[in-house]
Each structure stands twice: as structure tokens, then as C-alpha cells.
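Protein chains in written order, with this note's numbering: chain A, 1 to 296; chain B, 297 to 845; chain U, 846 to 1164.
Calculated directly from the structure, the hints in this document are not laboratory data. Check the hints yourself; a few may be wrong.
Stated by the list, open to error - With a Cα cut of at most 25 angstroms, we get these calculated DSS-like pairs of lysine-lysine: (1) 225(A) x 381(B); (2) 111(A) x 907(U); (3) 733(B) x 713(B); (4) 196(A) x 965(U).
Claimed, not checked - Covered by chain U, according to a simulated footprint, are these stretches of chain A (three or more residues, beta-carbon under 8 angstroms): (5) 48 to 59; (6) 77 to 86; (7) 120 to 130.
As the list claims (entries may be wrong) - Residues from chain U shown here face chain A by an in silico Cβ test under 7 angstroms; the list is partial: (8) 858; (9) 889; (10) 894; (11) 898; (12) 929; (13) 931; (14) 976; (15) 982; (16) 1046; (17) 1062; (18) 1066; (19) 1068; (20) 1071; (21) 1080; (22) 1081; (23) 1143.
All residues carry an ideal CB built from backbone N, CA and C; glycine is no exception.
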Amino acid sequence: MNGNKVRISTSYKFFQIINFIFLAIVCWICVYPFLNTLATSLSSNSYVLRGEVGIFPKGLNFEAYNRIIKDSDFYVGYKNTLLYTVTGTILSLFMTTATAYPLARKGLVGKKYIMLFFVFTMYFGGGMIPSFLLIKNLRLMNTIWAVTIPGCLSVYNMLIMRTFFSGIPESLTEAAKIDGIGDFSLLLRIILPLSKPILATMTLFYAVGYWNDWFSALIYMNDSKKHPVTLYLRGIVMGLTKQAMSGNISSTDAVDVAGKTVQGATVMLVTIPILCIYPFVQKYFVSGVMLGSVKE
Amino acid sequence: MKKETVKRLLALVLSTSMLLSLTACKNEANGSAASSDATSNNVVTPTSADVGETGEETAPAGNPVSDEPVTFTFMYSGEYDPNYKALAKMTELTNVTLDVTAIPDSDYDTRNQLIINTGEDMPDLISKTKPKAAQALSGVLLPISDYYDQMPNFMKFIEENNLQYLIDNATQSDGKVYELPINTKEVKTATKQIFIRKDVFDDNNIPYPVTYDDLYEAAKQLKEIYPESQPIQVIYGNGNLLDMIAPSFGTSGGWGKGIDNFHYVEETDEWIFAPASDEFKVMLEYLHKLYAEGLFNQEYSTFSSDMYKQMATTDKAFVLMADWLGCEKEFTEALREAGQENADWIPIYPLEGPAGAYLSRVSNSSQTMVVAASARDKDYFPQLIKWLDWMYTEEGADLFSWGVEGETYTVDEAGNKILNPTVKCASQPEGTWDIAKEYGTSNNCFTFVYPYDQELATMEDSYVALIQKEIENEAFPTSEPSIPLTEEEVDIQSLYSTNLNDYIDQMIAKFIMGGASFSDWDNFVTECNNKGADKLLDLYNNAWNNMSR
Amino acid sequence: MVNAKGKTESSAISKKKRREQVWKRIMRDRVLYFILLIPIIYLVIFKYVPMAGNILAFRKFKVGGSMFGIKWEGFKYFQLFITDTYFWQVFINTLILSVLNLIFGFPIPIILALLLNEVKNKTGKRVVQTITYLPKFLSTVVVVSMLQTLLSPSTGAINMFLNKFGIDSIYFLNEISWFRPVYIISDIWQFMGWNSILYLTALTNVDPQLYEAAAIDGAGRWKQTLYVTIPGILPTIVITLILSTGSVLSVGFEKVLLLYTANTMEIADVISTYTYRMGIVNSQYSYTTAVGLFQGIINLIIITVVNQISRKTSETSLW
Chain A
1 MNGNKVRIST SYKFFQIINF IFLAIVCWIC VYPFLNTLAT SLSSNSYVLR
51 GEVGIFPKGL NFEAYNRIIK DSDFYVGYKN TLLYTVTGTI LSLFMTTATA
101 YPLARKGLVG KKYIMLFFVF TMYFGGGMIP SFLLIKNLRL MNTIWAVTIP
151 GCLSVYNMLI MRTFFSGIPE SLTEAAKIDG IGDFSLLLRI ILPLSKPILA
201 TMTLFYAVGY WNDWFSALIY MNDSKKHPVT LYLRGIVMGL TKQAMSGNIS
251 STDAVDVAGK TVQGATVMLV TIPILCIYPF VQKYFVSGVM LGSVKE
Chain B
297 MKKETVKRLL ALVLSTSMLL SLTACKNEAN GSAASSDATS NNVVTPTSAD
347 VGETGEETAP AGNPVSDEPV TFTFMYSGEY DPNYKALAKM TELTNVTLDV
397 TAIPDSDYDT RNQLIINTGE DMPDLISKTK PKAAQALSGV LLPISDYYDQ
447 MPNFMKFIEE NNLQYLIDNA TQSDGKVYEL PINTKEVKTA TKQIFIRKDV
497 FDDNNIPYPV TYDDLYEAAK QLKEIYPESQ PIQVIYGNGN LLDMIAPSFG
547 TSGGWGKGID NFHYVEETDE WIFAPASDEF KVMLEYLHKL YAEGLFNQEY
597 STFSSDMYKQ MATTDKAFVL MADWLGCEKE FTEALREAGQ ENADWIPIYP
647 LEGPAGAYLS RVSNSSQTMV VAASARDKDY FPQLIKWLDW MYTEEGADLF
697 SWGVEGETYT VDEAGNKILN PTVKCASQPE GTWDIAKEYG TSNNCFTFVY
747 PYDQELATME DSYVALIQKE IENEAFPTSE PSIPLTEEEV DIQSLYSTNL
797 NDYIDQMIAK FIMGGASFSD WDNFVTECNN KGADKLLDLY NNAWNNMSR
Chain U
846 MVNAKGKTES SAISKKKRRE QVWKRIMRDR VLYFILLIPI IYLVIFKYVP
896 MAGNILAFRK FKVGGSMFGI KWEGFKYFQL FITDTYFWQV FINTLILSVL
946 NLIFGFPIPI ILALLLNEVK NKTGKRVVQT ITYLPKFLST VVVVSMLQTL
996 LSPSTGAINM FLNKFGIDSI YFLNEISWFR PVYIISDIWQ FMGWNSILYL
1046 TALTNVDPQL YEAAAIDGAG RWKQTLYVTI PGILPTIVIT LILSTGSVLS
1096 VGFEKVLLLY TANTMEIADV ISTYTYRMGI VNSQYSYTTA VGLFQGIINL
1146 IIITVVNQIS RKTSETSLW
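Chain A with its partners taken away, still in its complex shape (with noise of 0.2 angstroms):
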């Protein structure tokens, strides 16, 4: 963004007054359930069932984190979260920039075709079974790499970084060319440095995309000692909403059902960890980052 050197008109002081406006009102909606959430998970039973809990607590208590927490599973589980989403992140990072870079390449012999085997993927899967049989014949069943990965390169991504690169100037490519730089320390030495931004919103975007997934392990780790905390408290959250919709409960079950505080408790943490991603990502958003490297 620009600034200083612009004179502001009056008429953009009052756009930026509705901007405001309109800005907070849009954090406020969105920002909303949280808060609720969070004050529910704080909040006695019997004023959460009594639909009496807004954004602030009432009858403040810790019962729903304490019953989580005691639990190691939940521990467990956390680790096994942390340990898959970095592993994930790196491949994915790692896949999806030997994809990109290359098909962003004006001029590539066969890039149509190469571009079409993987945009072909994007529509037609094997499906459940075939992928699990898969995982099982090459052995991976239970171990992290069955959760890391069949999924470790999302064409979607791949697609957007490589509309990135190709945004950078082909001037650069040339220039560095001309200096007798081959195609693979270009990669590193430039064109990555100055992929910033880019980097880091495939970050962003795998990170979550692993952290969120509990299906995988769902269907391929039959330890539970593996399973992803997401899966352990979808299990609280989700806890019976199937059966319900199908009748399939049994007495001992309808009791059971953990009441909404329980459930707030555990959005709140599964969700915070993830969310503080977000800010370490947001200081490579950064522009002027094309700035002084290339004279038009």
C-alpha cells in the first residue's frame, strides 16, 4: 500500500469511516459464536441448557476442560496432531513447489498434457476402498505416512502457486540464464526467497487441511494411540448427532451424550492451537516484495 505520497481526498476519509463500520461488523458476526462458545465451555449446566449463556459466562466453572484434560487421550492425541501436521506441511510444501515451478514455465514442451494428468485427478478418484487397499498393500496401514501422503499434494494449490510463479517476470528467469544459473538454484536461491507470501499461504492452507483431518486415521490407523486429536473429540462433539438422526441409540447411550459444555470445551481446543498459525503467516504478507529486483 502506498500512503505517504497520496493526497487522501475527503470523500475516501468517509469511505474509510464505512469501511470501518462495515469491517466491524463483519468481525463481529464472525467472532460471535466464538465468544459463545468459549463462554459456554465456562458456564454451569443449567444455564447453557437454559439458553441464558451470551458471550459471557455464567456460573463460571472449569468441569468441561478438567473432564478433557484428565483424559491422556487427549494428550495423546494432540502429539500425534502436532507430529502429522508438521510432517504433512513440509511434504506437501515440498510437492507441491516441484509442481508448480516446473508447469509455471512458459514454453514447457507437454505442459498441456502434463497440466491435464493432474487437473484429471481433481475429478475422478478411486474412492474409499481402493485407496484403503492401496495404503495396505504397500504397507503403510498405521504408520504416518498413511496420513500424510495420499493427500500430500492438492492439485487445488498446486494451481494457485502456480499461477504465483508465473505472475514473477519472465525477465528474471532470462536474466538469471544469461548469468549461467540452472533451472534448480534458481529455484532456491530466487525464485523461492521471493515467493514469500506464497509459501506462506500454502502453509496456512495445508496446515489446516492436516490438522482438520481426522478421516484419515479413521480409516487407516488401527491404533488408537495414533489417532488424531481431531478424531478423539469429533468423537465428543459428533458423539451420537448419527445414531440420532437413525434411531440407533441405546439407553445406556442417550445419557451419555456430552452436554454442550463439553462440547464448547473442545472446539475451544482444538481450535485455538490452529488459529495462532495464522499470525506467525500474516508478516510474509507482505508487498513490495517484487520491489528493486527487477527494473521494467
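Following the hints, position chains B and U against chain A.
Leaving out everything else, chains B and U in the frame of chain A:
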């Protein structure tokens, strides 16, 4: 990753059954793969008391199940603790250890369907699973009925408690049974009841309703006194509601409906199409009356359980049509904390409809489990059968319900079991520790039998009288039987089933809420037939009559 | 040369020249191909091999039988749904919902990103960014539950608000005419923050010098936005748009499943929910695979067409 998740969900939906291994022959491959897998560290030498020799209980002086330590793989649903004391005791008594894969309740179906449909890597025992006809007949599941002669305790349990119907209903079209009942109650009871606000009824001198007509009158009065209220509430919508009231109207509906909305009439030993019957119409007319006068939950088709609970804890609801015993306690507590000291939700005796006073249809066994066919090839298979049988003995049953003698219960001179007074449960709210959490009792997966005496012992006193009265008066109708279908029959069924059921659900909602008029009833019936109701009627009656029973 | 022989000769020569040129380019870029090798291997193993399972759409499925089905059935399963009038109704529902979602939902994150871009205060900007992407982390179950509470005719906040102005309560979730707006608006609310991240990243790529140049030319902020900002992020917009059209038939599953009621089903039912009911209830897995193939093919056709259009009209396209 958004696309990835969407695609995955889609894949889950669309391809919930691609199949077996990438090699051609699967069953053999399964067998050898299974035993070469290091999933069970079993040391098995068949004991001298080999199963099936005499057909009687071949319990030697040694272990009732296995002389050597043995491990079975077990797929489990819900929260699990490997340190359950009852499990330890079981190992002590039987030398059996379970290698448990615990999957959360919420997604258990996804996992177990995947395992069964691929037939790959099946654990020996898969809990909380009802096999579909196609799965049972495919050979991936063990036909338990072939081994009934080796399970004398199980057969005795069935006979003593008149549970033969469970076996009959579980019989597939090839005459065999592929599942075992778990969570089996010796005496058929259900904890889903009707509740009223005792204090509100008392304060306003409204008599507790005995019939459904009484309910209507009472609700009208309540609505006048509390205009903001919607006196009658139900949670989980139509499924739960119809499940509850249909038997009293002489039919079935909602969760309790028979296959594809067909109802079995015992007197004539035939199946009829329930929605077309007069009884069903009368029931819908009654509900419509309630709804139209604002006496009944106006939004029940989209009611979240949050809203339901809110209504129950503020003065907006006074009758809960179908909730589980114990659930109303937190409502009472919430009301009292808000200042209404006399608030009291109590269960009442089921209301009487045209066909009698009944609660929802129940089966003695609310869950079933299956055994993998691949277990047959394992060395420890005889022990597996013995263990399954042992779980139905008094010893096995008590272990996972009462717990461990001397620790969680004691036995008096008359032979009655007394629950340890420090155990916390509904009947002993001052208790300090949770037996289910520590011992793994009253468990959806390990508890094969629910002894009646244990149920009474843990139940709150005020409920015991009610339940006993209901048992006396046979207020628990049996659930609809199931009809095993052959492959060809399943093909025909699937042509009509979804569309017909969707249509019925839509029309039920419309009739109740007033979107359709009862003068159009004949059109409704005709349209059901257009959607295949009559063809299904023939199909089911034929299949029923052909059943080897 | 004009005569026939000459023509062949020169085209033969130029063919050879072209091939040589192509080979030269391949060699020049050989490192790139090498880099591409690993992703391609990954793709073949983890995406293309399982795809073989789709053959089940043409063969009869049997539990415990081969993954490839046990008997060839040809187009039987395709016929099943192509001749099913209800299927086409569901198909139209899906299309309409997706297209509406696209029309209304697509521009919002862009606008949000542009508005955010105008916020000078760095901390404020970061705070707003973080807050707006919070709702994405709520599970569908939770969102639907919130909607039910919010839109309840008797106690929901929206209706209470309407009542104050003398408007009768509307049973939003049970009305056919409200299903789509509720679905789309809640989608917008839930994802606008998250979806705007992409555009915010794109905005960082716009050269600040262009703004200065424009300002010097006398352009106010609005004109700057029109002539500098938007063209700057246009490639991202176009790519995202093309990609969105490619999932038109796959819209919502869990959310629709939880939101629809018996009353709204006739317009709310989409392909994925219908197939779910058919597949689960009836175990017609060959059928569901066939539907999946059908969806994939149609989606692919749509995205190809859109891509072609984009290629002709703008410089950006997927391929």
C-alpha cells in the same frame, strides 16, 4: 485442502464399496494374510477339552475357555480404556486377552462398513454391527449358527429368556445366522418414556393424562394458562415421535418402523403397508390436531436438541413425548437453579391409544456383533467360540454388568447381589466412583448380557416401580421382525425403497403440519403404490413365507 | 517452392526442424522434468492406481468379491439413474444451488480482500483477517445447529427481530423458498474470510510503484482500485473461478444432509445426498460408482469449456 476434503467426503459416499485385494483370489489370500499378520500373538495348542466333542459343557477342571493365553482382535466403538478392571479379571478367568482397536462412536459405521465390505484385514470380532444381507451371504462373516451346538451356554441363555425370536429375526435367506446379540436384556425393558412437569400439572389441578385424548385435553388447558408455550415436545423429530406413539395406535412408524414402512401383523402372520392403513391415518390425524392447535412443537422437523432442552428448562414445555430415563434430571436441576424450587419432571405410565398403552417397540438386544469368517482359519478358533459362549454364562455376564465380586458387589446369603454402596449410579447418586469407567461394565461392546437384577439395582428407585408396572402390563411391544432377502429380492427392493421412503417421510410431515389435507388421503395411497408399495408388499410377503423358520 | 514436390520437401524439412527445436527445448528444460518426476510418480501411485476401481461402475459389485466387480454389466447402472426422473430433479437442484452459490458467493471474498486492503492500520488489518477466518473452523454440525437456533420461528433471534417490526415469524428452515438463501448466506459467512486469504496474498504481488504512477496521473483511490488492483489480482480471480466451476456437481453433502427437511427436500436434495441414501440403504455400490463417474465427467466437461472460454477472452487459463 478444501477440495480434498470435499472429494473425500464424496468418495466416502459414492464408493463405499470397492472391493477386495488387488489380487484375484481373496478368501484364501485373506486367510493366509491374516495368519501371517502379526496382529495376534497367540500361542495356541488346542486343549484337551476340545469344543464340540460332546455337545455338553465341556468344562474341565482347568480354564473354562482356554488353557493357554490367547488373544483375539476386537473392533470396538466408543471410549476405551485398556486398563478396565473387568478385562483384567476376564483374562484371569479365561486366559483371553483382547487386542482392541477403538474407533469413536461418531464414525464407527464408516470404519466397520469399510472393513466388512473389503473383507480385508478383518479383526476377529467386530462389535456394534448389524450385517446387511449381502454382506452376510458373501462369506466374509462367520455363520455363527453353524456353531450353536458348541455354544451350550448361549443356547441356554436364549431358551431360558424366551429369546428365540432374536435368532429367528437374525436368520438370513440361507437359513443361517451371522450375528450375535449383545446388550441383551433378560427382561425386555426400555428406558424411553413419556415425561410431564409434575409441579405444573399439580399446581393447575390438571389430572395426569392416561390416554392420548387426555393428553390433548391437558395440553389445551396448559396452552391457555401458558400461551407462550408449546406444551408437547419431542427430541429428534418424527423418527422418535412416531417410534413412540405408533404402537399405541396399532401400527409402526419412525425409528420403529418395519422394513420400508411395512408392518407385521402377528394375528394374520402377514405384512401390510403401514402408511396406507387406517391406524396410521388415525395417528396422523391426531398429531395434526395437536399441531394445528399449537399444542405441539411447531418446529419439530428442524428442532435442534439445544432448542428442545431450552424449552424443557424454561416454562415452554410440559410434556416430553420421548426421552430417556435420567435425561430429565438435568432439566429439573436447571429449573430449580433458576428459582423454581418445586419443578419436577417425572416419567408417567405410557399413554393409551386406540390399540392400548404401549411404549416404543424394543428388542431384548439393542446391538449385535459379528465374527469374521477369517477367524475360522485361526488356530485359536475353538477358544474363540468358547469365549463367546462363556460371555453368556452367569460368570461372564456378571463380570461386565455387576463387575467383580468383592470389589463392586457382594452376594448375600439369599444369593442376591448387592451393589457396592460407594459406586455412583442412578440409584446411588452419592457414590464416589464410576463403575463403568473403571471396570468397563455396562459397556456397549463388552456387555453381552444385561441381567435384570443389575438393571434394577442401578436404576433409581422412583423408576423401578414404573418399569415393573410396565413389564407386568406388557407395555413393551416387540420390534418389527426383519426379513432376510436374497440378492434378487434386494435388487427389486432397491428400485423402490429410497423413493418410496422419501415420499412417505415428506407426506407424513405435510399431513401433520397441514401442508396436505386428509381428504387427499386416497391420492397419497395411490401415489405410494405408484412408487412401488404394492410390489414391495408382494415381495416381502413372499420372502416371509419362504423363510425357513 | 510452389510445386507439389517442393512443398513436401520444405514441409518435411520444417517438420524435422520443428522436431529438433522441440527436442532442444526439452533438453534445455531437462532439470524441470526431473523435478516433476517425483510428483508424477506420487500421482500415479496414489491417484491413478485407485482410479482403476471406477471400473466397478460397469460391473456388478459383490461384497467380498473382487474390487473390480464380478460380472460385466455394461451401462446397466448408468441406465438406472439416467432413466430415473427423480435423479434429474436432483441434478437440477445441484446445478442451481452451485450456480447461485457461485454468483453470490464468489465476489464476496474478493470484495472483502479489497476492503481489507484499504485498512491502513497494520495491527487492525491482522486482527480483522484472523477473526474473519474463524468460522471456517466450525464443523458443519455446529454450524447447522447454530442456524437452527438462530432461525427458529419461536425463539430465534432473527424472528424476534422481525416480530418487533410487526412481521410474522418465518419458519426459514422449513420453507422451500428460503432453503437456498439460508444455505448460501451461511456458506458466505463461514468461508468469506478464509477465501479472501488467497486474494490478500495476490494483492501483495501488485507492484506499489504502479499505484504511485496512477496517483501521479491523478487517479483517486477508487480509480486506482479499478485500474491497478483488480487487474493485478485478475489472474488469481480467473483461476479460482475456473476451479470453482469444476465442482459444480459436487456441492455440499454433510450440510445439505443436516439442513434439509421433509418439506424442503424437493429442492434441497442434491446428487450427493440422494446417492448417499440410495447407496447406504440399498448397498448399490456399482450404482454409486456410476453416479460418481458421471459427476466427474460432467465436472470435467464444464471446467474444460470454461477454461477454453477463459483462454480466448483473457490471458489466464488453467491449461
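Okay, the hints, checked on the actual structure:
no.: 1; hint: 225(A) x 381(B); verdict: holds, 20 angstroms
no.: 2; hint: 111(A) x 907(U); verdict: violated, 41 angstroms
no.: 3; hint: 733(B) x 713(B); verdict: holds, 20 angstroms
no.: 4; hint: 196(A) x 965(U); verdict: holds, 22 angstroms
no.: 5; hint: 48 to 59; verdict: violated (count 1)
no.: 6; hint: 77 to 86; verdict: violated (count 0)
no.: 7; hint: 120 to 130; verdict: holds (count 10)
no.: 8; hint: 858; verdict: violated, 21 angstroms
no.: 9; hint: 889; verdict: violated, 9 angstroms
no.: 10; hint: 894; verdict: holds, 6 angstroms
no.: 11; hint: 898; verdict: holds, 3 angstroms
no.: 12; hint: 929; verdict: violated, 22 angstroms
no.: 13; hint: 931; verdict: violated, 21 angstroms
no.: 14; hint: 976; verdict: holds, 5 angstroms
no.: 15; hint: 982; verdict: holds, 5 angstroms
no.: 16; hint: 1046; verdict: holds, 5 angstroms
no.: 17; hint: 1062; verdict: violated, 11 angstroms
no.: 18; hint: 1066; verdict: holds, 5 angstroms
no.: 19; hint: 1068; verdict: violated, 11 angstroms
no.: 20; hint: 1071; verdict: violated, 14 angstroms
no.: 21; hint: 1080; verdict: holds, 5 angstroms
no.: 22; hint: 1081; verdict: holds, 6 angstroms
no.: 23; hint: 1143; verdict: violated, 9 angstroms
Hints 2, 5, 6, 8, 9, 12, 13, 17, 19, 20 and 23 from the list above are not met by this structure, while the remaining hints are.
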